[in-house]
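Novice: Sequence:
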Amino acid sequence: MDYLLPYGLEWMNLLVRWLHIITGIAWIGASFYFVWLDNSLRPPAPGGELAKKGVAGELWAVHGGGFYNPQKYMVAPSELPADLHWFKWEAYSTWLSGFALLTIVYYFNAQAMMVDRSVAELTSWQAIGIGLGSLVAGWVVYDLLCRSKLGKHDLAFGAVIFILLVGATWVLTHFLSGRAAYIHVGAMIGTIMVANVAMVIIPGQRKMVNAMIAGQKPDPIYGIRGKQRSVHNNYFTLPVLFIMISNHFAMTYRHEHAWAVLAGIMLAGVFIRHFFNLRHKGRVEFKYPAIGVLLLAVVAIAIAPKAPSTTAAAANSGADAGAQSAAQFAQVQGIIQQRCVSCHAAHPTQPGFATAPAGVMLDDPHGIAQNAQRIYQQAVQLKAMPLANMTNMTDAERAQVAAWFEGGARTN
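The letter at position 354 of the sequence shown is residue 354 when you use this note's numbering, and the numbering goes up by one with no holes.
Please note that the accuracy of each hint is not assured.
[To be verified] When the alpha-carbon atoms are kept at most 30 Å apart in a straight line, the in silico DSSO-like pairs for lysine-lysine are as follows:
no.	residue 1	residue 2
1	217	52
2	88	152
3	227	53
4	227	149
5	72	217
6	53	207
7	72	152
8	152	281
9	207	52
10	227	281
[Said to hold, decoys possible] Derived CB-CB ranges, DEER-like:
no.	residue 1	residue 2	range
11	80	25	29 to 39 Å
12	33	82	18 to 28 Å
13	305	65	49 to 59 Å
14	298	203	38 to 48 Å
15	11	147	40 to 50 Å
16	294	65	35 to 45 Å
17	155	61	28 to 38 Å
18	133	58	42 to 52 Å
19	298	11	36 to 46 Å
20	206	141	18 to 28 Å
21	117	80	55 to 65 Å
FYI, nobody ran anything at the bench for these hints, they're computed from the structure.
This structure is a prediction, so every number in the text was calculated from the model and none was measured.
C-beta: ideal position from N, C-alpha, C; glycine also.
Generate coordinates for the entire structure from the input sequences, incorporating the hints supplied.
Specialist: Below is the structure:
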């Protein structure tokens, strides 16, 4: 039955990933909606009925064939409603499913997914310890800074948190594989976000509700703190969403300055998110998305691959090109057989893989020819494959693959 374990893990990966996306949409969607709502509320007329009730703002909206009239009380209504909805399980479910996915994909197969011996010689438990430690350290440092005097100055606080996240990325990329480093920065941000809900926002709301039940006036400080953390979560969303999909784009996490690449993309996300937050308040300032797009363009240009050399193509242009290319392909096929086929085959032999990653199978000449561009990009340009270089592919072998591809990727 051992042969079914990788297959079972594959299904767990699929189902938990699906759940994570669903709950993430629910949580981030609610976050986006409430920031929009908060910024779109209009104060009631002074001395009017709503103002007397303690309403700080209201909004009329139409959606799905109906009219909606949400109202916000600055502290609390005079009477506690019988049915009060709490927005918390979206956040908790997203984090729990995300941590489960982190465990299935990375911690169950740490040597393949987290350890890169060209970066650091680590045991699986050391790599997992660094990953888990980063989640705890990220929240502790963030929370302490929030509670300090710095937390009262939004711009300065945001700049410091950004610098700390970039620093954490730099540290992690010097211990873990680029892919694992990125995903743990994302998990760190996600942990901060859910801890904001569980440790600050919800407890504060409970204290306000309990005060009303006891016939006391709720302390507005809890609403102020909750709003602060909610706004922080809003600015974290675009960076963390990018990191969620980053494992599909080795050109980012495999770059020699991967920490700087992620810093540029995260900063672009913050500027773009800021544009929408201002827009909800009625301020349209296109300089912010322009800065975001410019940052993304700079990153894209900076990490662009170099043009392939033409020496290999010239070498194969003689009368014996056919014989040379056949011999060259035989060498390349041997390299791929030794370094790649344990994962990229109809029936992978590498532990932890039930099927070929991304459906790429290289165990026959047709598969190699069909995926020549991908082989060149992943094994030569990015050096992202073999995964964590588990099979010890050498630079000389990568050069042979490069010469074959740049010479036309002939198979005969």
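Novice: For every hint, state whether the structure bears it out.
Specialist: Structure-based check of each hint:
| no. | hint | verdict |
| --- | --- | --- |
| 1 | 217 with 52 | holds (16 Å) |
| 2 | 88 with 152 | holds (25 Å) |
| 3 | 227 with 53 | holds (21 Å) |
| 4 | 227 with 149 | holds (17 Å) |
| 5 | 72 with 217 | holds (17 Å) |
| 6 | 53 with 207 | holds (21 Å) |
| 7 | 72 with 152 | holds (23 Å) |
| 8 | 152 with 281 | holds (21 Å) |
| 9 | 207 with 52 | holds (24 Å) |
| 10 | 227 with 281 | holds (16 Å) |
| 11 | 80 with 25: 29 to 39 Å | holds (31 Å) |
| 12 | 33 with 82: 18 to 28 Å | holds (24 Å) |
| 13 | 305 with 65: 49 to 59 Å | holds (51 Å) |
| 14 | 298 with 203: 38 to 48 Å | holds (42 Å) |
| 15 | 11 with 147: 40 to 50 Å | holds (43 Å) |
| 16 | 294 with 65: 35 to 45 Å | holds (41 Å) |
| 17 | 155 with 61: 28 to 38 Å | holds (31 Å) |
| 18 | 133 with 58: 42 to 52 Å | holds (46 Å) |
| 19 | 298 with 11: 36 to 46 Å | holds (41 Å) |
| 20 | 206 with 141: 18 to 28 Å | holds (26 Å) |
| 21 | 117 with 80: 55 to 65 Å | holds (60 Å) |
In summary, this structure violates none of the numbered hints.
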